[in-house]
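Could you put together the complete structure from these sequences and hints?
Chains as they are written, first to last, in the working numbering: chain A, 28 to 305; chain B, 842 to 1173.
Mixed in with the good hints there might be a few duds.
[As the list claims (entries may be wrong)] Straight-line distance between alpha carbons at most 27 Å, and here's what the computed DSS-like set of lysine-lysine pairs gives: (1) K870/B to K35/A; (2) K205/A to K870/B; (3) K1066/B to K962/B; (4) K186/A to K205/A; (5) K217/A to K205/A; (6) K217/A to K186/A; (7) K186/A to K870/B; (8) K217/A to K890/B; (9) K216/A to K186/A; (10) K35/A to K962/B; (11) K205/A to K216/A; (12) K1066/B to K217/A; (13) K216/A to K870/B.
If you're looking for bench data, these hints aren't it; they were derived computationally from the structure.
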Amino acid sequence: MRSYRFRKLQNRIMISLAYVALIIALIPLASILIETINRGLSAMSFSLLFEEIPPLGQPGGGIGPAIQGTLIVVALASIMGIPIGVFSGIYLAEFRQSHIASVARFLNDVLTNVPSIVLGIFGWALIVVAIGWSVIAGAVALAIMMIPIVTRTTEEAIKLVPMTIREAAIALGVPQWKTTLTVVLSSAKKGIATGILLAVARISGETAPLLLTILGSRFWFNGFTQPTAALPLAIFNFSQSPFRAVDLPRAWGASLILIFIVLAINIIVRYATKEKYG
Amino acid sequence: MNRHKKHPNFLSGFKTASKKRLSGDSAFKAIVTLIACNIFLILGLMVFKIVQSSWLSIQTYGINLLWGITWQPFPPNSSTSPSFGALPLIWGTLATSAIALFLGVPVSLGISLALSEFAPKSFNYVISFFVELLAAIPSVIYGLWGILVLIPFLQNNLYPQLQAVLGFLPFFQGTIRGSSVLTGGIILAIMIIPTVSAISRDVFAAVPNSQREAIIALGATRWEKARIVMSYGRSGVIGAVMLGLGRAVGETMAITMVIGNSFNMFTSLFEPGSTLASIVANEFTEASSPPVYISALMEVGLILFALAIAVNASARLVIWRSTRKTKEVEMF
Chain A
28 MRSYRFRKLQ NRIMISLAYV ALIIALIPLA SILIETINRG LSAMSFSLLF EEIPPLGQPG
88 GGIGPAIQGT LIVVALASIM GIPIGVFSGI YLAEFRQSHI ASVARFLNDV LTNVPSIVLG
148 IFGWALIVVA IGWSVIAGAV ALAIMMIPIV TRTTEEAIKL VPMTIREAAI ALGVPQWKTT
208 LTVVLSSAKK GIATGILLAV ARISGETAPL LLTILGSRFW FNGFTQPTAA LPLAIFNFSQ
268 SPFRAVDLPR AWGASLILIF IVLAINIIVR YATKEKYG
Chain B
842 MNRHKKHPNF LSGFKTASKK RLSGDSAFKA IVTLIACNIF LILGLMVFKI VQSSWLSIQT
902 YGINLLWGIT WQPFPPNSST SPSFGALPLI WGTLATSAIA LFLGVPVSLG ISLALSEFAP
962 KSFNYVISFF VELLAAIPSV IYGLWGILVL IPFLQNNLYP QLQAVLGFLP FFQGTIRGSS
1022 VLTGGIILAI MIIPTVSAIS RDVFAAVPNS QREAIIALGA TRWEKARIVM SYGRSGVIGA
1082 VMLGLGRAVG ETMAITMVIG NSFNMFTSLF EPGSTLASIV ANEFTEASSP PVYISALMEV
1142 GLILFALAIA VNASARLVIW RSTRKTKEVE MF
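Listed below in structure tokens is the structure:
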């Protein structure tokens, strides 16, 4: 048996190491947030938000088309991804004992973990080969990224709905499908909305799938079958620019907008689900 | 008496309602099942399309692509045909992932222990929010931060000292470069921390309290209690680490921006390199011709796809088995 003093010392050291680990992990977070807010704010201006993207190295202009492009691609991806994800989630939760459900659940997890660049390759092979670099291809790639997240969170949210609520509805003579679509969905709507928001936050920042599908552009949106700009792509392109002095402030400005979207969504979600954790 | 009279009517009404209910229900079930089956369609189509696009390369180079070490889409003299070998990419992927695990896992374990065993609960709530935020930051912003903040710091402060201390090892010799394999590994380490720590925190939280109470009753310190918790949740932690590995293997943008994108079989970690994911991101949009070039990049994507699925599926299996075990124990 080791001495009590040794064990006490060991206890102190290991607990402090655990807290040190916590601090080590929070340093990059703090650094990223501070740098982005600092450098992003100093680059922020009216023209940055609303003007076309100039060629690399040329002063002036802004990142307007990138903001517009991100909004359009994410909206289109959500229109495709949210209904499919929610209904798949309903299926997994309401028919959870069926064989198809357990296989589908496993494959859903697999799809969650497919590397984002592979989704880009898929979008390219499926759509770009047929109709060229386009908004649609990017939206499909992002929708595929979104579906498993929405499916999973919808399933979890519906599983949390108490059985008594269903039983009450069925006892009133409401058919099961109507129970699911009205009573169950409306009790689970907070959880489902949370999942949707998190999925939107996730796909707004994705770069790799867009790189291989919407290609990027310097101009305003020009139709769904044309290449378009997007914030993450713009950040990537600016960061690769040889003219750092001109292009890096734009990259930070774009990062600030992106971080703002992601942070806002996460804070809303955290606030909405407070009772679950608090 | 009145009620008795009404009864038959009520029953018949119930019958028609139940007939209607059945048809509505089965239609609903059919529709929802159909929608849920999209997952089969998506994954099937994904495998088919990626194999189809890499078919040219599979036919030309076959399995040799896995261990070739030259990557020459445009050979210097036009008489030789382009050659593609993915071994340096696999090597780069393995090296950066190994560094990420080596640095990231101890930190993640520390975080999850602090959150589940040591810290007060109110503190817990705030900190886990911040750790989740680390997972929410887009990969491209990590890359930008890596280029402009992390690389200058590492290159000027940490790397020279590292070389001074560990320079006798082959991994830390040669010219120090900021855009290097080591920087890539460090960025990946930061990015896997939220994944690994969140899952292992859940694993630790699932350890039954009876275990903690038993060891505390024996007079253990808090660290000794934490050790028991860790050994109880060992297989779940392994699963968490493997999910972290899956994330590291598939991570694309941040690593493309900091690894230097050169094609070599490095030994020193201060050399630039490439990973399976980074080469696709870096070269794809420029790879217009020859067609075999795109096809070879597709095959690299296929290798990545297979690798990521293998890692993640085994991670799921390990986690699933470990949580099943915990549940069985909880039942007693």
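Hints, one by one, checked against the model:
1. K870/B to K35/A: 61 Å, violated
2. K205/A to K870/B: Answer holds: K205/A to K870/B is near 12 Å, not above 27 Å.
3. K1066/B to K962/B: At roughly 17 Å apart (the allowed maximum being 27 Å), K962/B and K1066/B satisfy the hint.
4. K186/A to K205/A: 17 Å, holds
5. K217/A to K205/A: This hinted pair holds, its Cα atoms lying about 19 Å apart.
6. K217/A to K186/A: OK: K217/A and K186/A at ~13 Å, within 27 Å.
7. K186/A to K870/B: 17 Å, holds
8. K217/A to K890/B: 37 Å, violated
9. K216/A to K186/A: Holds. K216/A to K186/A sits at ~12 Å (cutoff 27 Å).
10. K35/A to K962/B: 23 Å, holds
11. K205/A to K216/A: The hint holds at about 15 Å.
12. K1066/B to K217/A: Answer violated: K1066/B to K217/A is near 37 Å, above 27 Å.
13. K216/A to K870/B: 20 Å, holds
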